[in-house]
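Please put together the full structure from these sequences, using the hints given.
Below, each chain spelled out in residue letters.
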Amino acid sequence: MRALILALIAVLALATISVFVGVSDVSPLAVLTGTADSRAMEVLMISRVPRTLALILAGASMAIAGLVMQMVVRNRFVEPSTTGTSESAALGFLVVTLLVPGWPLMAKMGVSALFALGGTALFLRVLRAVPLRDVLLVPLVGIMLGGIIGALTAFIAYRANLMASLLAWNMGDFSGVIRGRYELLWLGLVCGVLAYIAADRFTVAGMGKDFTTNLGLNHNHVMVLGLIIVSVVSAVVLVSVGSIPFLGLIVPNLVSLVIGDNMRRTVPWVALGGALMVLICDIAGRLIRFPYEIPIAVVMGVVGSALFLYLLLRTPRHAT
Amino acid sequence: MNSLFRSTAIVAAFASALSLAPAAIAQDKVIAHAQGETTLSGVPAKVLTQDWAAFDNLNALGVTVAGVPSSNAPSYLADKIPADALQIGSLFEPDFEGIAAAEADVYFVAARSAAALETSKDIVPTVDLSVDNADIVAGVKANITTLGEVFDLQDKAGELNAALDAKVAEVTAAAEGKGTALVLVTNAGKLGVYGPDSRVSWVYNNVGMPSALADVADGDHGGDAVSFEFLLEVNPDWVFVVDRDAGTGENAGAAEALLDNELFNQTKAATEGHVVYLDPQAAYISMHGYQGVMLLLDQVLAGLNG
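Protein sequence lines correspond, in order, to chains A and B.
Number 347 marks the last residue of the first sequence (my numbering); no jumps.
Number 945 marks the last residue of the second sequence (my numbering); no jumps.
Hints should not be assumed to be uniformly reliable.
[What the hints assert, rightly or not] Now the in silico label distances, taken between C-beta atoms and shown as ranges:
| no. | chain 1 | residue 1 | chain 2 | residue 2 | range |
| --- | --- | --- | --- | --- | --- |
| 1 | A | 47 | B | 804 | 48 to 54 Å |
| 2 | B | 726 | A | 175 | 26 to 32 Å |
| 3 | B | 904 | A | 179 | 37 to 43 Å |
| 4 | A | 187 | B | 896 | 18 to 24 Å |
| 5 | B | 754 | A | 31 | 53 to 59 Å |
[Stated by the list, open to error] Keeping only pairs whose Cα atoms sit at most 20 Å apart, straight-line, the calculated SDA-like set for lysine to any residue is:
| no. | chain 1 | residue 1 | chain 2 | residue 2 |
| --- | --- | --- | --- | --- |
| 6 | B | 907 | A | 51 |
| 7 | B | 907 | A | 64 |
| 8 | B | 907 | A | 66 |
| 9 | B | 907 | A | 69 |
| 10 | B | 760 | B | 678 |
| 11 | B | 907 | A | 73 |
| 12 | B | 907 | A | 65 |
| 13 | B | 907 | A | 61 |
| 14 | B | 685 | B | 703 |
| 15 | B | 907 | A | 130 |
| 16 | B | 907 | A | 52 |
| 17 | B | 760 | B | 844 |
FYI, nobody ran anything at the bench for these hints, they're computed from the structure.
Every residue, glycine too, gets a C-beta built ideally from N, C-alpha and C.
If you want it as structure tokens, here you go:
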């Protein structure tokens, strides 16, 4: 518990730094003493605070989605972007943007979430047909499925001259976040809370279908709840800021290494860890080429792939 | 009588052959371009192009084009494309079989299709009209001059180039003392900045509006990524917007919606109504085309005087 509070303090500290990193001059001292000019306060309220909130919400919910995914699939190396979920969400968003461009963002996101749900269900379906449950084969199948869905998406975008747009909104980037443009991410928080409430069920489901049924739980219900959570989070994050690679993979794994697999205990850690990682990467992306920005997807790609390799290489020892 | 007629005919044939031969050799033209030299025999009759800016230039000179790219036609050129024009592949991927079958006299590539020259030069005489973004106006003028030579339209080329110079001078005069400029590119809800080496570099380099920024890296098509807060801080006097989504086919108006927010509305450019939306297709797709550049210069001029 004490460690958790420390982690919370770390997130708050980074959030504070995030609020005060930017092109405009917003001095922490002036804000605290109430002497900041009106423009600094405006920048703070319109740009900095929403961006920081978006970072925390997206980071926490993507990490939790990864955790839920890993429980449901019973594999450590899956997350929405290695199971075709993110790609399906992107396909859904593209299709709805093409067919009914005038729909409100909420409705488009709904379609995107439905596609994500369908894509994830397809992944599970394919998995059932794969006899070998090799630890690395599962994400490989997911990445291939994601590749096929991604290719289909790219084909449609190419035909509609939307390649550039597709690339741009697939690339996770918080630079466009201001008040009024991130609020959908609160839905991610709702999903996170749902995951926490159902944590014990997911823990049990993570032990297998027979085990779950023996305990009197309906395995399918748990699976569907998990898939809905993962799909909604993927869609919300994609539509608001783009996809953030590796996040849902690495955070739950690191947490599991330290404190095990009881989801009731790990959810708060995963949420804080996700927020922490996204905050660090975004602050770095804002500082490296100041005053220009490097999209978080790029920073996370570099950091995430290094951590992913580390996790992969140490696995044989860990898994056997 | 008969033999006299025959010998006369032979002499006449010889004479005409003699008079024709030097003319035919004189009409062989060696055209220097971005990727070397290409020899053309005579004035090309059947012309293909893989690039909308090249089409724009050919059209400005009054040359009829027989083959055009099959996608991304800028709307300002739409009614100038012959209805029976062959479609020879996208901006990036030429349909080489179609090009070979067309048996054209010349084929123009540029920018996105420059790499096609390696393959196409064995099929059809190919000329690369790529332009260096560092000085777009000079590049466009050089291309007009080259095309004037190719099609024996030197006079027309001279007129066009004089008109372009005059337009640039007019805009330069209007821009004098109007303050700094920033060219923004919007793309799927994100913002980028275009600098003095970008595809609209003439705003800074030729028209002479100082950039509101010291240095901008133009390596990326989307410009350098920035936040709204950044715009507030840089606070340019004039903002020229390239709506890239519209430039590549999405609904126009996305840029206005994106920029209509509490931060951008506080910038000097926004409060004084100094935000000019440029024709996105001319600025993004055919940025090296004569008529496109003239169109954009007119839009900048109208904005500055408006």
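Results for each hint:
1. Between residue 47 of chain A and residue 804 of chain B the CB atoms are about 50 Å apart, so this pair conforms to the stated range of 48 to 54 Å.
2. Range check, residue 726 of chain B to residue 175 of chain A: about 29 Å between beta-carbon atoms, so the 26 to 32 Å window is met.
3. Taking 37 to 43 Å as the suggested C-beta distance range, the pair residue 904 of chain B and residue 179 of chain A conforms, at roughly 40 Å.
4. The supplied range of 18 to 24 Å is met by residue 187 of chain A and residue 896 of chain B, whose beta-carbon atoms lie about 20 Å from each other.
5. For the hinted restraint 53 to 59 Å between residue 754 of chain B and residue 31 of chain A, the CB-CB distance of approximately 56 Å keeps it satisfied.
6. At roughly 15 Å between alpha-carbon atoms, residue 907 of chain B and residue 51 of chain A fall within 20 Å of each other, so this suggested pair holds.
7. Note on residue 907 of chain B and residue 64 of chain A: the hinted pairing holds, with a Cα-Cα distance of about 18 Å set against a maximum of 20 Å.
8. Only pairs whose Cα atoms come within 20 Å are accepted, and residue 907 of chain B paired with residue 66 of chain A is accepted, the gap being roughly 14 Å.
9. Using a Cα cut-off of 20 Å, the hinted pair residue 907 of chain B and residue 69 of chain A holds, with the two alpha carbons roughly 16 Å apart.
10. Restraint check for residue 760 of chain B and residue 678 of chain B: the C-alpha separation of about 11 Å stays at or below 20 Å, so the hint holds.
11. With a C-alpha separation of about 18 Å, the suggested pairing of residue 907 of chain B with residue 73 of chain A holds against the 20 Å cut-off.
12. Taken as a hint, the residue 907 of chain B and residue 65 of chain A pair is honoured in the structure, with Cα atoms around 17 Å apart against an allowance of 20 Å.
13. Taking the CA atoms of residue 907 of chain B and residue 61 of chain A, the gap is near 26 Å; set against the 20 Å cutoff, the hint is violated.
14. A threshold of 20 Å between alpha carbons decides the hint, and for residue 685 of chain B with residue 703 of chain B the separation of about 8 Å falls inside it, so the pair holds.
15. Taken as a hint, the residue 907 of chain B and residue 130 of chain A pair is broken in the structure, with Cα atoms around 33 Å apart against an allowance of 20 Å.
16. For the given pair, residue 907 of chain B sits about 18 Å from residue 52 of chain A by alpha-carbon distance, which is consistent with the 20 Å threshold.
17. With a CA separation close to 34 Å, the supplied pair residue 760 of chain B and residue 844 of chain B exceeds the 20 Å bound.
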